[in-house]
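**Student:** Chain W: place on chain R using the hints.
Now for the letters of each chain:
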Amino acid sequence: MADLTELETEIKAIIIEALLLEDVAVEDIVTADPLFDTGLGLDSIDALELAIALEERFGVTIDDDPDRNQQIFASVASLASFVDANRSK
Amino acid sequence: MQPSEPSFVRVSEAVDRVRLEAQVPVNLGDLDGHFPGHPVVPGFRQVMWTLAEANRAFSRDAAVTGFEALRFPTSLLPGAAMALELSHGDGVVRFSLSGDDGVFASGRVRLASGLEPHAAAPAPEVLSSRAELRLPHQGTMRWLDGVVSHTPTATTATAMLRSDTPWVGADGSCDPSVVIELLAQAMAAHGGCAAEAGTPPRRGFLVSARQIELRTPALRVGEPLWVRADHVRGELGMVAFRCTLGNGAAPQDEPDARDRALALGTLGAFVEAAPESANSPSEGAPSRE
Numbered sequence: 001m002a003d004l005t006e007l008e009t010e011i012k013a014i015i016i017e018a019l020l021l022e023d024v025a026v027e028d029i030v031t032a033d034p035l036f037d038t039g040l041g042l043d044s045i046d047a048l049e050l051a052i053a054l055e056e057r058f059g060v061t062i063d064d065d066p067d068r069n070q071q072i073f074a075s076v077a078s079l080a081s082f083v084d085a086n087r088s089k
Numbered sequence: 090m091q092p093s094e095p096s097f098v099r100v101s102e103a104v105d106r107v108r109l110e111a112q113v114p115v116n117l118g119d120l121d122g123h124f125p126g127h128p129v130v131p132g133f134r135q136v137m138w139t140l141a142e143a144n145r146a147f148s149r150d151a152a153v154t155g156f157e158a159l160r161f162p163t164s165l166l167p168g169a170a171m172a173l174e175l176s177h178g179d180g181v182v183r184f185s186l187s188g189d190d191g192v193f194a195s196g197r198v199r200l201a202s203g204l205e206p207h208a209a210a211p212a213p214e215v216l217s218s219r220a221e222l223r224l225p226h227q228g229t230m231r232w233l234d235g236v237v238s239h240t241p242t243a244t245t246a247t248a249m250l251r252s253d254t255p256w257v258g259a260d261g262s263c264d265p266s267v268v269i270e271l272l273a274q275a276m277a278a279h280g281g282c283a284a285e286a287g288t289p290p291r292r293g294f295l296v297s298a299r300q301i302e303l304r305t306p307a308l309r310v311g312e313p314l315w316v317r318a319d320h321v322r323g324e325l326g327m328v329a330f331r332c333t334l335g336n337g338a339a340p341q342d343e344p345d346a347r348d349r350a351l352a353l354g355t356l357g358a359f360v361e362a363a364p365e366s367a368n369s370p371s372e373g374a375p376s377r378e
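Chains R and W supply the protein sequences, listed in that same order. Take the first sequence: its letters are residues 1 to 89, numbered as in this note's numbering. Take the second sequence: its letters are residues 90 to 378, numbered as in this note's numbering.
Don't read these hints as lab results, they were simulated from the structure. Beta carbons: idealized from backbone N, C-alpha and C, even for Gly. Where hints are given, some of them may not hold.
Unchecked claim - Looking from chain R toward chain W, a few residues come up when the C-beta cut is under 8 Å (computed): (1) Glu6; (2) Glu27; (3) Val30; (4) Asp33; (5) Ser44; (6) Leu48; (7) Glu49; (8) Ile52; (9) Gly59.
Excised from the complex, chain R in its bound form (with noise of 0.2 Å):
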């Protein structure tokens, strides 16, 4: 398996870019934590906004499908794999 420790960390600045997180570094954040309810505690907005951010960034499709997009945002280890299977930039 490929190592997606440089990917990981450039999703969690996205992610703090994306949502202008004031108090969150990158290194708060922990790859394998879930993103949403616990750990960030994000929610469906935050997710939009997340999805917006890694398709101009990566050039990758997150569809409307809740199945799917549940595993792909349950954390940082899970979108970075589905962005490198994905990416398409």
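**Tutor:** Relative to the frame of chain R, chain W by itself:
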């Protein structure tokens, strides 16, 4: 029954921080048009109250140059009790408007001096073969006039702000918060054009705006404007558009629109699957449950 505005009462204050409480009047004006049979306080009205109370609390003299991290997670309904928390520092007002049902609105307002008023310009030309403008907005909340152009990915419409509303001042300048609603109605215009002919327009509820940039201190009542929405993602449920508004000739394309915009930003909305249903933005949203 005459329309009325909420009266905010200060319940606590500290240096650069204040907490106020109020109730949304059941006879708040303009709700009959937003939307007919389903009154929801528009996001821009919540921001407008925030700006008014921030003015009162912090006596600012700078212009609003942008809105950041705007979120509207819960629908605000007539009669609801609400608490407004404001803080101020480094040219930014932070606000949160909440109640028993959760957070209605939160975000930041960016302030700076030196923003120059924009020059007047003639009305954008409306093409004779224009698509029909279909909006769920009615009455004093219907701000768009006609469709200038429509493609599967972008729609441009004409707009004009009228007097006799709480968001127009005595000098004819409009509250900065109106740009939020104008940009939101651009999204609605695109949805109306894209919808199947003969179906009623779907209601959309503004849920977020990461960053809205204002390039003029105020829009003026009665001036002809254009608004444009470029599709980013989604058809139903959570959707997003890059929105622009400006004056003068209608924009040729998105770069032209962004270049000449008086205000612009990417907005997110929750669009109902069926016009009859009355989901709130926090229900039925994707990628959560």
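**Student:** Are the hints correct? Go through all of them and say.
**Tutor:** Hints, verified against the model:
no.	hint	verdict
1	Glu6	violated, 25 Å
2	Glu27	violated, 21 Å
3	Val30	violated, 20 Å
4	Asp33	violated, 17 Å
5	Ser44	holds, 3 Å
6	Leu48	holds, 5 Å
7	Glu49	holds, 6 Å
8	Ile52	holds, 5 Å
9	Gly59	violated, 13 Å
This entry does not satisfy hints 1, 2, 3, 4 and 9, going by the numbered hints stated previously.
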